[in-house]
Amino acid sequence: MANLSEVNTALPQMRPSRFRLPRGEAWRENLYGYFFISPWILGFVLFLAGPLLVSLGLMFTEYAGFKKITYVGLANFEELIKFDIRFIGSLRVSAVFAFWTVSLAIIISLAMALLLNQRFKGHTFFRGLFYLPAAVSGVAMTFVWAAMFEKDYGMFNQILRIFDFDRVDWLTSIEWALPSYIIMRLYGVGHYMVIMLAGLQSIPDDLHEAAKVDGASGLALFRHITLPLLSPTIFFLMIVGMIGSLQVFTEGFMLTQGGPARSTLFYVLYLYIVAFTERRFGYASVLAWLLFLIIMGLTLLQFWLARRWVHYESQEA
Amino acid sequence: MATEIRPASNPWIYSRVPRLALNYLIAIAIGIIMIFPLLWMFSGALKTKEMLLEETVINLLPPQPWQWQNFIEAWTALAFTRFLFNTLVITVATMFGGLLSASMVAYGFARLRFVGRNFLFFIVLGTMMVPMQVTAIPTFLLFHRLGWLNTYLPLIVPMWMGGGAFYIFLLRQYIMTIPTELDDAAKIDGCSPVGIYRHVILPNIGPALAAASIFLFLHSWNDLWGPLIYLTDDNTWTLARGMLTFKRTLAEFRHGGGLRQYQIHWFLSLGTMTMLPVLLIYLVLQRHFVSGVVTSGLKG
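So the sequences go chain by chain: A and B. Straight run, no breaks: the first sequence in the working numbering ends on number 317. Straight run, no breaks: the second sequence in the working numbering ends on number 300.
Okay, chain B solo, but in the shape it has when bound (with noise of 0.2 Å):
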């Protein structure tokens, strides 16, 4: 910003060659720092573990040779194909649901007008305050009482009611940014609400819906608690839920004769290959994730 204000014909210029200099070095030591720890991991995945207990210098290309077999053992040390599927049930259940759900909503609270509106979107705004701590018992007991534990289902319905505030709120804005004459076109045409909300608002909300399923995924794909909570029965278990008992027993400790063995390459295994649907989706869609934590972090 302040360097670019300089009046044209300048000597200043020379000056500036090493700032810019010193810019790409800073960014590039920034960058390297940011990004080793993945490195590492992704080469401390293919060694041995005595490799890594030995080595003297941190050899980011692994010797020879690579050792792919720690991704099936850790892979198949817990029943991890398992856990897999029972995420991407509760994962894409979860986002169809919630995208459909806070659409519709979304909609409602943007384009319809109906007694109480302002109102009740003032109260959308504020459960936002509501830790998600304060409403797990009761709804622990709810689910009790239902019989809905060890099921997907605890994780799943209350994302088809709406999805949560901050879903609702991202594609409302979203929504109030298209122009009421494409409604009001369709209202001509013979649309109701329902016929709008099919052919005029969900075309044309792309990128708010990007947005949202990439937060929905990775709520889904990360979420410890309520696995933790709902599911006990490791039929039921998701990745992030079968990890925690990885880490716990498997990885951490093998008191095999007294030997304390810690299963580090597994560690790095198993967490590349849990990360990198997350990194896929992050560096295909950079561009939906980064302007929608900014949307939902800054712009009213």
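Looking at chain A on its own, in the form it has when it is part of the complex (with noise of 0.2 Å):
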């Protein structure tokens, strides 16, 4: 969840000072600007820019950690181009699980919310349910899924068998592993929804009662206000999703660990294992800054289609 809040799209907004102080008092509020602002300094040069640094450093190396550090060249480049077959691997692993539970969560979010956003009586109650599986979502809830999607006493194989149909070997497959962990994921589709519904909830009642006026259905008010109007809010989510799903971690490396035959070998899953698993900090470094790279592109992405939409919204009105 600390994923998918973890990433903003604003820009900073300094207010103006409001008045200006004599010389000296400026002087005093420097330092104590400094002496406020330090603690976060301090994380920075040592847990934030200093680490970088080094990882780009430990590119060009092979390390275990312990013993000498040799220089390798541009070694681990041309492995992670040319030879290794489990990172390509991870990466499809984590594109079609970000495709996959990115698009469905859009979709039924947005039907949640829009059901939600009708305000019948009790509305918040239901809003606070559907948010309880994000919100409980942890640890705990990934050893409910595993036992959920057991062969023989789980919980989906249960209702199946009450069915009639034949049993699934949900975590076990190649051709099940993948999307388990995509039912999984949407179960916390009360993230988006929280989000979206803010999103409806900020487009102005008018817009709508012009447009019925003008004598416009169900249908074409949604697709041509309603819509319109939430598609920053839908992109932003795109993005945010995105890279929450590629840093899935805790439920990969506690179900499957990548397993069956790499089915969900997911790409910081596959990071953690040449990391810390095979001690290869050179290479790891490599895959580490690919990932920084990737959601970076995806956050200027975000930033740069933020503003265009905030142009157009203002044009519109």
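Check each hint, because a few of them may be wrong.
Unchecked claim - Quick list of in silico lysine-lysine cross-link-like pairs, DSS-like style, CA-CA up to 30 Å:
(1) Lys82(A) / Lys68(A)
(2) Lys67(A) / Lys82(A)
(3) Lys151(A) / Lys247(B)
(4) Lys121(A) / Lys212(A)
(5) Lys49(B) / Lys247(B)
(6) Lys151(A) / Lys49(B)
Unchecked claim - Distance ranges between label pairs, derived from CB positions:
(7) Phe120(A) / Met176(B): 30 to 40 Å
(8) His144(B) / Leu74(A): 21 to 31 Å
(9) Phe119(B) / Phe120(A): 42 to 52 Å
(10) Leu74(A) / Leu146(B): 29 to 39 Å
(11) Ile188(B) / Leu104(A): 56 to 66 Å
(12) Gly259(A) / Leu53(B): 18 to 28 Å
(13) Gly259(A) / Trp148(B): 31 to 41 Å
(14) Ile162(A) / Ile178(B): 52 to 62 Å
(15) Ala111(A) / Arg287(B): 17 to 27 Å
(16) Leu22(B) / Leu46(A): 53 to 63 Å
Calculated from the structure, these hints are not laboratory results. Quick reminder that beta carbons are idealized off the backbone N, C-alpha and C, glycines included.
Build the complex: two chains, separate frames, hints provided.
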């Protein structure tokens, strides 16, 4: 859940100084300012900028953590591009997973948000209920999923058995393992829904009213007013959802560890295995930086789109 | 939205009633789908393994006698009391340090004028793009050199340094909504920025602190990546780390005389116990929960 909320579209908007302070005051305030942000500066240097530079350097080395570092030039990059089947596989797994989770989650959450936006009595209760699986998602819920997908005792096969269907090897068969993860993720659709709902509520009512006066039907209203005005929210959720699905780790590591036959080897899972199981810090740094670049690309795309849409909306109004 | 706009006197209301009923029907159906896994977990936690295997319908009310010993058996299969203690220490320390440092930094960025403020805040926002996997290896090497592996420190100390850009951003946005007149009044009364932070800002940012502490709690409670890398000695394990081993060894297979025994009832009882705190927090603080998600996700 943290992933979804950790990315922001906001640009800093500084409030202009309200009055000029005397020189001595200004100096004092500078001092206080740096005093207050000093924890962040320390953390930034020690745990972000420093490590970022180190891992940049590690990309050109072979290093297991304890022995000597060997400089290998571009060998790691060559391996990544030419020889690493697991890397290609993990990229594919993550892409397929991200595509299905995000697109299905957006459709479902949009439907749910439209339903709750009708404001019938008790809609806040239902909002709380729909959000519940997203709120409790985490290690404990992953545990429960493991039980639900179990072959003999699990909830899903129990239901299938009741309706006389053949049982499904959810997490243990190549064809069903990844879809199982998608089902699992879709239970957290409440996250998308809450943000979608906020987007819906920010659409001014008078636009709908005006269109209704012009005789627009419900479907036309949705297509020509709701959907265009909601598109910034939808694209925001798309990007943030993609970033989130790229970083799946806990579920994958707990449930299948990439198996069967690497069908659930998510990108970050593979990264973890290379770094901390195989102890190839150099090569893992290459993988990590690639992830960084992908996420940065997606975020910048979101910035760019957001700016375009803000422009579009202001023209509309 | 669309349905709310209609002329005052309208025979249309009649066609609206079934529509309302349809709304409820769909909402209830989705609600059942959403809550069913949790109900299945609660009921399964009180059944025997055989009951789970043999039942032909899903009994959400477990048959008597309720198997309360499932909870004790699962809890004592590994040193979960120890893991809970470790988790609590880490969680409390993380929350305290995260809230303190993030609110300090947020106050600095929101209120104080210093050279390079805009630029530095832009960097704060930029750091949200950096996935923690990129810094994981050098950070691991650093903590290894410091001799901090198998201590709580790698999981706590970074959170004492601003607690992450997300929390700084969340709190800063909230501080910006507090009228500056309050600061000015305190300043006239002779308060230094430290005094303003303590007596004006902190008492007024309760809701934002509540939202931030929920996220901080969930982060520590659910973190598997950190404990996996930094904690190899099982005396220092957290609940999440312990559950991983529980899943892989005890509950997964027990090759007793070639018989594969899947201890699914333990899964469900342990899942119930570790989910309970999260569930309680959600039920009690739902408002902050949801508003935190929306604020961080949408508002700039």
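Hints, verified against the model:
The suggested pairing of lysine 82(A) with lysine 68(A) holds, with an alpha-carbon distance near 26 Å, which does not exceed 30 Å. The hinted pair formed by lysine 67(A) and lysine 82(A) meets the criterion: a straight-line CA distance of about 27 Å does not exceed 30 Å. Of the pairs offered as hints, the one joining lysine 151(A) and lysine 247(B) holds, with about 15 Å between alpha carbons and a cut-off of 30 Å not exceeded. At most 30 Å may separate the alpha-carbon atoms for a hinted pair to count; lysine 121(A) and lysine 212(A) meet this at roughly 24 Å.
A threshold of 30 Å between alpha carbons decides the hint, and for lysine 49(B) with lysine 247(B) the separation of about 16 Å falls inside it, so the pair holds. Distance hint between lysine 151(A) and lysine 49(B) is fulfilled; the C-alpha atoms sit about 13 Å from each other, no more than 30 Å. Taking 30 to 40 Å as the suggested C-beta distance range, the pair phenylalanine 120(A) and methionine 176(B) conforms, at roughly 35 Å. Checking the proposed 21 to 31 Å range against histidine 144(B) and leucine 74(A) shows it holds: the Cβ atoms sit about 27 Å from each other.
For the pair phenylalanine 119(B) and phenylalanine 120(A), the beta carbons lie near 49 Å from each other, so the given range of 42 to 52 Å is met. Taken as a hint, the range 29 to 39 Å holds for the pair leucine 74(A) and leucine 146(B), whose Cβ atoms sit roughly 32 Å apart. Range check, isoleucine 188(B) to leucine 104(A): about 57 Å between beta-carbon atoms, so the 56 to 66 Å window is met. Separated by about 24 Å at the C-beta atoms, glycine 259(A) and leucine 53(B) satisfy the suggested range of 18 to 28 Å.
Taking 31 to 41 Å as the suggested C-beta distance range, the pair glycine 259(A) and tryptophan 148(B) conforms, at roughly 33 Å. At roughly 57 Å, the beta-carbon separation of isoleucine 162(A) and isoleucine 178(B) lies within the given 52 to 62 Å, and the hint holds. For the hinted restraint 17 to 27 Å between alanine 111(A) and arginine 287(B), the CB-CB distance of approximately 24 Å keeps it satisfied. Checked against the hint of 53 to 63 Å, the pair leucine 22(B) and leucine 46(A) passes, with Cβ atoms roughly 57 Å apart.
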